[in-house]
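Student: If you read the sequence shown in the working numbering, its first letter stands for residue 61, the second for the next number, and so on.
Among the hints, erroneous ones may be present.
What the hints assert, rightly or not - In silico DSS-like cross-links for lysine-lysine, where the CA-CA straight-line distance does not exceed 27 Å:
{"#": "1", "residue 1": "Lys144", "residue 2": "Lys182"}
{"#": "2", "residue 1": "Lys63", "residue 2": "Lys144"}
{"#": "3", "residue 1": "Lys155", "residue 2": "Lys63"}
{"#": "4", "residue 1": "Lys163", "residue 2": "Lys101"}
{"#": "5", "residue 1": "Lys69", "residue 2": "Lys192"}
{"#": "6", "residue 1": "Lys69", "residue 2": "Lys182"}
{"#": "7", "residue 1": "Lys143", "residue 2": "Lys155"}
{"#": "8", "residue 1": "Lys143", "residue 2": "Lys63"}
{"#": "9", "residue 1": "Lys182", "residue 2": "Lys158"}
{"#": "10", "residue 1": "Lys69", "residue 2": "Lys155"}
{"#": "11", "residue 1": "Lys143", "residue 2": "Lys101"}
{"#": "12", "residue 1": "Lys101", "residue 2": "Lys63"}
{"#": "13", "residue 1": "Lys192", "residue 2": "Lys155"}
{"#": "14", "residue 1": "Lys163", "residue 2": "Lys182"}
{"#": "15", "residue 1": "Lys144", "residue 2": "Lys155"}
{"#": "16", "residue 1": "Lys143", "residue 2": "Lys192"}
{"#": "17", "residue 1": "Lys155", "residue 2": "Lys101"}
{"#": "18", "residue 1": "Lys144", "residue 2": "Lys160"}
{"#": "19", "residue 1": "Lys160", "residue 2": "Lys182"}
These aren't lab readings, by the way, just hints derived from the structure by calculation.
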Amino acid sequence: MNKQITLRKMVEADIDQILIIENESFATPWSRESFENELTKNRFALYLVLEDEEVIFGYCGVWIIVDEAHVTNIALLPNYRGKKLGETLLTEIMKVAKEKGAKSMTLEVRVSNQVAQSLYRKLGFRDGGIRKNYYTDNQEDALVMWVNL
């Protein structure tokens with residue numbers, strides 16, 4: 061990975077590549093329509109992408125409503141995981157949310173996803189509670205985490 065890595069705002073033309081990441085990352089991936097709606101109709105939504113030489117390999121989304129931000133999703137292609145790129149994405153989305161007036165940020169993560177939880181804790185997130193049977197594919201619980209920005 062000696063290539064130039066770019067972090068930028070997601071646009072509609074990115075959706076094809078985002079769907080590849082979704083399908084490789086989640087048991088219940090978001091649809092094309094979901095991303096189109098987020099980018100064109102949801103005034104609270106902001107999505108960032110990471111790319112190297114025009115190949116998008118990661119993205120993160122957040123809703124910023126008044127003074128609270130909520131991470132909708134964060135994902136990287138498998139070959140890019142474990143290289144601190146998720147940390148780069150989340151750090152940037154936290155910075156942008158704070159600049160837009162958010163005072164805190166929340167997210168949900170599978171209780172079994174210890175790798176993601178470790179990243180979130182490293183960035184200051186704390187456990188906030190459990191959402192029972194949150195994930196529709198297997199009824200796994202979600203751990204709610206939050207951080208002050």
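Student: It remains to establish, for every hint, whether it holds in the given structure.
Tutor: Comparing the hints with the structure gives:
1. A distance of roughly 11 Å separates the Cα atoms of lysine 144 and lysine 182; the hinted pair therefore holds under the 27 Å criterion.
2. Our distance criterion of 27 Å between C-alpha atoms is met by lysine 63 and lysine 144, whose separation comes to about 15 Å.
3. A hinted pair counts as satisfied when its Cα atoms are at most 27 Å apart, and lysine 155 with lysine 63 qualifies at roughly 24 Å.
4. Our distance criterion of 27 Å between C-alpha atoms is met by lysine 163 and lysine 101, whose separation comes to about 24 Å.
5. For the hint linking lysine 69 to lysine 192, the alpha-carbon distance of about 33 Å lies beyond 27 Å, and the restraint is violated.
6. Our distance criterion of 27 Å between C-alpha atoms is met by lysine 69 and lysine 182, whose separation comes to about 24 Å.
7. Distance restraint check for lysine 143 and lysine 155: the Cα-Cα separation of roughly 20 Å lies within the 27 Å cut-off, and the hinted pair is therefore satisfied.
8. Of the pairs offered as hints, the one joining lysine 143 and lysine 63 holds, with about 14 Å between alpha carbons and a cut-off of 27 Å not exceeded.
9. A C-alpha spacing of about 18 Å is found between lysine 182 and lysine 158, which places the hinted pair at or below 27 Å, so the restraint holds.
10. Among the hinted pairs, lysine 69 with lysine 155 is consistent with the structure: their alpha-carbon atoms are about 14 Å apart, no more than 27 Å.
11. Proximity of lysine 143 to lysine 101 is assessed by CA-CA distance (about 33 Å); at most 27 Å being required, the pair is judged violated.
12. For the hint linking lysine 101 to lysine 63, the alpha-carbon distance of about 34 Å lies beyond 27 Å, and the restraint is violated.
13. Only pairs whose Cα atoms come within 27 Å are accepted, and lysine 192 paired with lysine 155 is rejected, the gap being roughly 30 Å.
14. For the hint pairing lysine 163 with lysine 182, the CA-to-CA distance comes to about 18 Å; that is within 27 Å, so the pair holds.
15. Under the criterion of a C-alpha separation no larger than 27 Å, the hint pairing lysine 144 with lysine 155 is consistent with the structure, at around 17 Å.
16. A hinted pair counts as satisfied when its Cα atoms are at most 27 Å apart, and lysine 143 with lysine 192 does not qualify at roughly 31 Å.
17. Restraint check for lysine 155 and lysine 101: the C-alpha separation of about 23 Å stays at or below 27 Å, so the hint holds.
18. For the proposed pair lysine 144 and lysine 160, the alpha carbon gap of about 25 Å is at most 27 Å, so the pair holds.
19. Taking the CA atoms of lysine 160 and lysine 182, the gap is about 23 Å. The hint holds against a cut of 27 Å.
Of the numbered hints given earlier, the model fails hints 5, 11, 12, 13 and 16; all others are met.
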